[in-house]
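One letter stands for each residue in the lines below.
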Amino acid sequence: MTYALIDNASLTAVDRATGHIVAKNPDTINGDLAAFENLVQAILFYDNLVSIDNYKEEFRDERAKRFSFINFLASTNFGLSTIDELAKREAASIKPEIRGGEFSDKDFKELVEMLKLNMVCTWDMRSSVYYLTMKMLGQPNTPEYEKYSELSASIFNELSDSGETKGPWSTNVTLISASGHIYLEQEFREQKQGLGGTTRALDMFIAALNWMAYKSIYYSIAAKHLKADSFIHPIRHAYQIHWMKKTGAFGHDFTSRLIGNLSNKIGTSVSEIIDHGRVATITLDLPIFSAWLTQESGGIEGVIASALELKKADQFDIARQTIREIKIAYDEDGISLGNANVLSRPSRIERCKLKMGFLRLYLDNCCFNRPYDDQSTLSVYLETQAKLHIQEQVKKHQIELVWSFILTAENEANPDHHIRDKIADWMDLAMLYVPYSLDIETFAANMMERNGIDAKDALHVACAVESGCEFLLTTDKKLIKRTGRIDKMRVLNPAHFVTDYAEYIDYEK
Amino acid sequence: MKNDGVIKSEGYSALFEKLGPVDAERFLMLLSRERQGFDYTEWRRNLWVGNSLTEVAAIAKQLELQAQERKIHTSNKVID
Numbered sequence: 001m002t003y004a005l006i007d008n009a010s011l012t013a014v015d016r017a018t019g020h021i022v023a024k025n026p027d028t029i030n031g032d033l034a035a036f037e038n039l040v041q042a043i044l045f046y047d048n049l050v051s052i053d054n055y056k057e058e059f060r061d062e063r064a065k066r067f068s069f070i071n072f073l074a075s076t077n078f079g080l081s082t083i084d085e086l087a088k089r090e091a092a093s094i095k096p097e098i099r100g101g102e103f104s105d106k107d108f109k110e111l112v113e114m115l116k117l118n119m120v121c122t123w124d125m126r127s128s129v130y131y132l133t134m135k136m137l138g139q140p141n142t143p144e145y146e147k148y149s150e151l152s153a154s155i156f157n158e159l160s161d162s163g164e165t166k167g168p169w170s171t172n173v174t175l176i177s178a179s180g181h182i183y184l185e186q187e188f189r190e191q192k193q194g195l196g197g198t199t200r201a202l203d204m205f206i207a208a209l210n211w212m213a214y215k216s217i218y219y220s221i222a223a224k225h226l227k228a229d230s231f232i233h234p235i236r237h238a239y240q241i242h243w244m245k246k247t248g249a250f251g252h253d254f255t256s257r258l259i260g261n262l263s264n265k266i267g268t269s270v271s272e273i274i275d276h277g278r279v280a281t282i283t284l285d286l287p288i289f290s291a292w293l294t295q296e297s298g299g300i301e302g303v304i305a306s307a308l309e310l311k312k313a314d315q316f317d318i319a320r321q322t323i324r325e326i327k328i329a330y331d332e333d334g335i336s337l338g339n340a341n342v343l344s345r346p347s348r349i350e351r352c353k354l355k356m357g358f359l360r361l362y363l364d365n366c367c368f369n370r371p372y373d374d375q376s377t378l379s380v381y382l383e384t385q386a387k388l389h390i391q392e393q394v395k396k397h398q399i400e401l402v403w404s405f406i407l408t409a410e411n412e413a414n415p416d417h418h419i420r421d422k423i424a425d426w427m428d429l430a431m432l433y434v435p436y437s438l439d440i441e442t443f444a445a446n447m448m449e450r451n452g453i454d455a456k457d458a459l460h461v462a463c464a465v466e467s468g469c470e471f472l473l474t475t476d477k478k479l480i481k482r483t484g485r486i487d488k489m490r491v492l493n494p495a496h497f498v499t500d501y502a503e504y505i506d507y508e509k
Numbered sequence: 510m511k512n513d514g515v516i517k518s519e520g521y522s523a524l525f526e527k528l529g530p531v532d533a534e535r536f537l538m539l540l541s542r543e544r545q546g547f548d549y550t551e552w553r554r555n556l557w558v559g560n561s562l563t564e565v566a567a568i569a570k571q572l573e574l575q576a577q578e579r580k581i582h583t584s585n586k587v588i589d
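Protein chains in written order, with our numbering: chain A, 1 to 509; chain B, 510 to 589.
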């Protein structure tokens with residue numbers, strides 16, 4: 001059984017995304033959508049969803065009713081009280097320190113750097129008193145500025161969860177001048193004029209950072225304790241990564257990483273188009289599943305119900321089963337043996353992707369010509385059958401076909417003009433056309449040197465890899481032998497492809 | 510998907526209907542003679558084999574243009 005532990009901040013974000021709670025600040029929207037996507041992925045890829053019932057008491061029942069597909073655990077059961085104490089102790093050891101206007105303690109310094117938050121604190125005068133004020137660097141109306149707003153809004157939003165500004169979450173900040181002088185609270189109180197301590201906004205920011213650190217640690221330890229994977233709000237996830245690096249506490253986000261890898265390829269290609277050149281730290285992943293379900297169900301309010309329905313489908317059942325097997329392999333055999341076991345399973349994951357209709361193929365000119373070759377040899381006959389079988393799936397849009405400039409060119413050189421014209425028609429069914437580019441040529445040059453293949457083959461391989469194909473199919477044994485696997489792409493004979501993946505590309509099903 | 514028997518039967522009908530009995534048989538003869546022993550995978554082994562990557566890329570770009578022009582020409586002919 002696999003469990004996904006969802007934090008309350010994510011559920012609040014989902015409530016904002018679906019319109020159950022009013023979003024007070026539009027800058028939180030990206031983070032909310034990422035949290036919404038996390039929940040949808042958790043529904044699809046986990047057997048059970050759990051959440052710790054530590055939300056504001058007056059809203060608890062209503063929330064439990066709305067998210068009736070989640071098992072809410074009392075925060076005092078299952079040894080969770082001890083986890084809370086542990087997390088509080090760990091969070092208390094974090095001492096925020098601002099030196100010369102910037103965070104200088106290891107924890108927040110690294111986090112601020114990791115999130116690329118260009119922030120400084122300066123002493124600004126208000127009513128004859130200087131207050132330490134938080135400033136974000138950057139020009140308004142630029143993508144960078146928008147990003148800082150989104151990030152700081154997400155961080156400030158942490159406070160809606162805690163409801164405290166001063167108090168345990170912000171009293172511990174140490175202020176140190178650029179020359180190394182440590183300011184004491186007393187100095188601020190004594191001075192009627194001069195330095196007046198931190199502004200309320202900075203207090204709130206620090207309180208929010210502290211709260212975020214505490215909650216991230218709490219959910220990380222709780223997930224490990226409950227043998228679940230943690231699905232926490234994206235901004236907390238950023239801190240979780242830092243904390244895991246610091247403590248070496250890995251192992252509770254295993255499945256989510258695996259799903260991340262599955263959708264990574266689509267995510268990367270879409271983000272390259274939409275978000276070209278922009279460093280989008282907060283938009284951790286593109287909401288692939290939620291965006292698709294929104295379109296399918298006709299609106300964001302129907303997404304969760306559709307996801308719960310889709311969860312029952314065969315392909316997601318297979319995906320969950322595979323994830324369970326991989327998890328068991330890790331749990332039972334440990335990291336090294338588990339790794340060895342899992343290495344023999346990627347083809348199974350590829351099969352799931354295929355069944356889910358995500359598979360992208362590149363067929364080289366040998367494949368397209370196979371039906372026109374002399375069929376008296378058994379291998380040629382089998383490869384022809386396989387190629388026809390695959391093309392049937394292409395026609396039904398169950399497999400994505402990629403075409404390239406080098407396919408067009410090589411086809412143009414085909415000695416039989418009738419065959420050339422018939423093969424050229426397949427280009428119209430391709431989902432993607434890869435034109436010549438310097439990147440393709442550079443990739444091809446490396447391939448030639450590394451794998452000892454000729455220029456035209458190197459260009460085919462480069463086009464297939466660059467367009468994100470899972471497989472390149474060819475009947476050229478030499479090419480298969482010299483390449484095998486390039487990055488994440490496999491080079492295979494079409495007959496082998498059909499034999500290995502038969503049950504998933506059987507068009508009669 | 511149609512089985513081999515149905516495809517053969519429908520294929521022969523289409524062929525003989527379009528070409529008539531003599532030309533249809535000549536077509537089958539030509540096909541069998543031309544494709545006998547032909548293996549495209551073997552044939553392409555020597556294609557542009559003496560050319561450098563830059564040369565192959567340049568040839569490819571030229572041929573791609575040629576294919577595009579022919580496609581435009583053919584589709585114009587259909588429209589005409």
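I should point out that these hints are in silico values taken from the structure, not numbers from a laboratory. Even for Gly, the Cβ is constructed at its ideal location relative to N, Cα and C. Check the hints yourself; a few may be wrong.
Each computed DSS-like pair below joins lysine-lysine, with the alpha-carbon atoms no more than 30 Å apart [what the hints assert, rightly or not]:
1. A/Lys422 / B/Lys570
2. A/Lys422 / B/Lys517
3. A/Lys481 / B/Lys570
4. B/Lys527 / B/Lys511
5. A/Lys395 / A/Lys422
6. A/Lys396 / B/Lys580
7. A/Lys88 / A/Lys312
8. B/Lys580 / A/Lys224
9. B/Lys511 / A/Lys56
10. B/Lys527 / B/Lys517
11. A/Lys488 / A/Lys478
12. A/Lys395 / A/Lys65
13. A/Lys478 / B/Lys511
14. A/Lys422 / A/Lys312
15. A/Lys56 / B/Lys517
16. A/Lys477 / B/Lys570
Here are some chain B residues the structure puts well away from chain A; computed CB gaps all over 10 Å [stated by the list, open to error]:
17. Met510
18. Asn512
19. Gly520
20. Pro530
21. Glu543
22. Gly546
23. Phe547
24. Leu556
25. Leu562
26. Ile581
27. His582
Going down the list of hints, with the structure as the test:
1. Restraint check for A/Lys422 and B/Lys570: the C-alpha separation of about 21 Å stays at or below 30 Å, so the hint holds.
2. A threshold of 30 Å between alpha carbons decides the hint, and for A/Lys422 with B/Lys517 the separation of about 19 Å falls inside it, so the pair holds.
3. For the proposed pair A/Lys481 and B/Lys570, the alpha carbon gap of about 28 Å is at most 30 Å, so the pair holds.
4. Pair hint B/Lys527 plus B/Lys511 holds up; C-alpha atoms about 21 Å apart against a cutoff of 30 Å.
5. Our distance criterion of 30 Å between C-alpha atoms is met by A/Lys395 and A/Lys422, whose separation comes to about 15 Å.
6. For a cut-off of 30 Å, the pair hint linking A/Lys396 to B/Lys580 stands: about 24 Å separates their Cα positions.
7. Restraint check for A/Lys88 and A/Lys312: not satisfied, since their Cα atoms lie roughly 39 Å apart, outside the 30 Å limit.
8. A threshold of 30 Å between alpha carbons decides the hint, and for B/Lys580 with A/Lys224 the separation of about 61 Å lies outside it, so the pair is violated.
9. Restraint check for B/Lys511 and A/Lys56: not satisfied, since their Cα atoms lie roughly 64 Å apart, outside the 30 Å limit.
10. For the given pair, B/Lys527 sits about 15 Å from B/Lys517 by alpha-carbon distance, which is consistent with the 30 Å threshold.
11. Between A/Lys488 and A/Lys478, the direct Cα distance comes to roughly 20 Å. Compliance with the 30 Å bound is thereby established for this hinted pair.
12. A threshold of 30 Å between alpha carbons decides the hint, and for A/Lys395 with A/Lys65 the separation of about 45 Å lies outside it, so the pair is violated.
13. Annotation: proposed proximity of A/Lys478 to B/Lys511 is violated, straight-line Cα distance about 34 Å (limit 30 Å).
14. In summary, the hint linking A/Lys422 to A/Lys312 is not supported, as the alpha carbons are separated by about 42 Å, beyond the 30 Å threshold.
15. In summary, the hint linking A/Lys56 to B/Lys517 is not supported, as the alpha carbons are separated by about 73 Å, beyond the 30 Å threshold.
16. Straight-line distance between C-alpha atoms of A/Lys477 and B/Lys570 comes to about 27 Å, which keeps the hinted pair within the 30 Å bound.
17. With a least CB separation of 6 Å from chain A, B/Met510 falls inside the 10 Å interface cut-off, contrary to its annotation.
18. At the 10 Å boundary, the C-beta of B/Asn512 stays outside the reach of chain A, the nearest C-beta of that chain being 12 Å off.
19. Every C-beta of chain A lies more than 10 Å from that of B/Gly520, the closest at about 13 Å, which supports listing it as non-interface.
20. With a minimum CB-CB distance of about 21 Å to chain A, B/Pro530 clears the 10 Å threshold, and the non-interface call stands.
21. At roughly 8 Å from the closest C-beta of chain A, the C-beta of B/Glu543 falls inside 10 Å, breaking its exclusion from the interface.
22. B/Gly546, annotated as away from the interface, has a beta carbon of chain A within 10 Å; the closest lies near 5 Å.
23. Distance check for B/Phe547 against chain A: the nearest CB is about 5 Å away, which does not clear 10 Å, and the non-interface claim fails.
24. At the 10 Å boundary, the C-beta of B/Leu556 falls inside the reach of chain A, the nearest C-beta of that chain being 6 Å off.
25. Its beta-carbon lying about 4 Å from the closest one in chain A, B/Leu562 breaks the requirement of being farther than 10 Å from that chain.
26. Every beta carbon of chain A lies more than 10 Å from that of B/Ile581, the smallest distance being close to 13 Å; the non-interface claim holds.
27. The claim that B/His582 lies off the interface holds: its Cβ sits roughly 12 Å from the closest Cβ of chain A, which is beyond the 10 Å cut-off.
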